[in-house]
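Please arrange chain S on chain X, whose structure you already have, making use of the hints.
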Amino acid sequence: MSREDIQKLLGGYATHTLTAEERRALFEAALDDQELFDALAKEQALREVLQDPPARQQVIEALGPAREPRPARAWHWLRRTPALAMAGLVVLIVAGMVLRLPKQARHEVIVADAVSPQAATPQSGAPHPTTTGLPENALPLTLSRKAKQTARLPESAALGDQHVLSEAANKPAAAPVPSQPEAVGAMRQLDELTKKSQAPQPPPPAPSANFVVGALPSASLSRAKVQTITGAIADIKYTVVLKGADGTYTPAPPGNVFHIGDSIRIQAEPAAAGRLSLFRRGAGGDWEAVSSLDVENGQRYELPSSGGIESPTPAHLELRLLFSRPDQSSQAMLPRSDAAAQQAGAAGYAAIKIELEFR
Amino acid sequence: MEREEILLKLRERIVAFAASRLGGDTAEDLAQEVLILLHEKYNHVNQLEELVPLSLQIARFKIMSLRRKSQRHGESTQVSIADIQLPDLDADPATLVERKLMLEHLTRAVGQLGERCRDLLRLKLQGHDFAEIQKRMGAQSINTIYTWDHRCRKQLLELMGGDWEPEKR
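Protein chains in written order, with our numbering: chain X, 1 to 359; chain S, 1 to 169.
Hints should not be assumed to be uniformly reliable.
[Stated by the list, open to error] With a straight-line cut-off of 27 Å between C-alpha atoms, the simulated BS3-like cross-links for lysine-lysine are:
no.	chain 1	residue 1	chain 2	residue 2
1	S	Lys-154	X	Lys-243
2	X	Lys-8	X	Lys-42
3	S	Lys-135	X	Lys-8
4	S	Lys-154	S	Lys-135
5	S	Lys-69	X	Lys-42
Just so you know, these hints were derived from the structure itself, not from any lab. Bear in mind that the values here come from a model prediction, so they are computed numbers and not experimental data.
Next up, chain X with everything else stripped away, as it sits in the complex (with noise of 0.2 Å):
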């Protein structure tokens, strides 16, 4: 034996692990190695506790439980890793399921984030869309709207007649387009929800104020609100505009008043493909289909594209307008995260209330 493996042999002698011929030849080598004289002499006094049962059992116990054999213990976890794999699996559906939900519900409904000009930028702190649970067969709408405003009007604004609803860019894929029936669920469902999220709303300051078409010589006059519905939206540019004594529909000027026997339209020019319709809530309160046009990208449209829209009497009118868009079920089209949803908006639609009161 060399030295290297006498020394080897040293961690058994307290413990009585070696075996005679270690024990000899550890012993030999330690006559004429005074370094491993020493050790072994220093090894005596564990040696000595050790040697007595008792203090063996009581450090054995120190010890604690032994642990199965290197077998059983590969075998027991051999045992285990089915039940593991089945229980990873187990989670890995759930997680899936649960990531998969979100996205479904932010990509059928959209909806828009209607921002004046003016008030864009008080606005931009606003509540972001948040998913919203619907019942069973409804179209679940993404949405978390801010505070029906209703400003005065400023004696001498000079507004513009384009309205840019949202900031959010997004050229989505032509698909098929909601059918009409379908765009009269999403109004209704819009309406429950939008009466729901206004009661707690405090009153913002009037510079936030919403959408008015025309600077009024009095602001009790006339008015044209727009409800702001919070939500991702592709850009949409409307207008409202007004006919005129040659029959043709311009935008309404500066401190025009809506009176009783004006016939107006909204011109919207949407930033991607779709369908844009216009309601106008019934005397019933029901949601009422105005007009309904397929539209491309960049191209302007008026609704209703015959006629107008007129009140014979007084009257405080509830336009919606509702942008779909083409269904997006591709994954690569969802965004990933809640702010790329705000501003990419993925498909679904995008709704802006207008409120008109004619005198």
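Coordinates of chain S only, in the frame set by chain X:
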């Protein structure tokens, strides 16, 4: 190897070991006392495997009693050989207390060892030799067991403060 040859070598080793702990003259005297005891009380012990551990045990007892006596007298290492008593290898009360203290330290320390070290030490204390331990622990070679044993002993010694005997700390 003959008994006389073994005792001669043992004396040389004991003197050197004791000198590193007690001092020159005392070490010589201590080694002589060990040999006297082996000759008078353990004359029937002839085998190397018995003589080496026995001489180590006697030498340790004598060193411990010298230290205790030195502490009682307020001396350092200046101990006359006349004061050195032949040790009775049956444990005296002081030795029993020291062993008890050491056992307590040892018990605490082993509980802090890693799983492998605890397995290895347990098998050693259960009386298995290294070859059996290799099989039980599933090591590829016995050298692996030696390496593990070396590391575990080192770790245990560190946990006990660098020495098996608590009184030296």
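Evaluation of the provided hints:
Between Lys-154 of chain S and Lys-243 of chain X the CA atoms are separated by roughly 98 Å; this puts the pair beyond 27 Å, and the hint is violated. The straight-line distance between the Cα atoms of Lys-8 of chain X and Lys-42 of chain X is roughly 15 Å, inside the 27 Å bound, and the hint therefore holds. Pair hint Lys-135 of chain S plus Lys-8 of chain X holds up; C-alpha atoms about 18 Å apart against a cutoff of 27 Å. Of the supplied pair hints, the one linking Lys-154 of chain S and Lys-135 of chain S holds, its CA atoms being roughly 23 Å apart against a limit of 27 Å.
For the hint pairing Lys-69 of chain S with Lys-42 of chain X, the CA-to-CA distance comes to about 21 Å; that is within 27 Å, so the pair holds.
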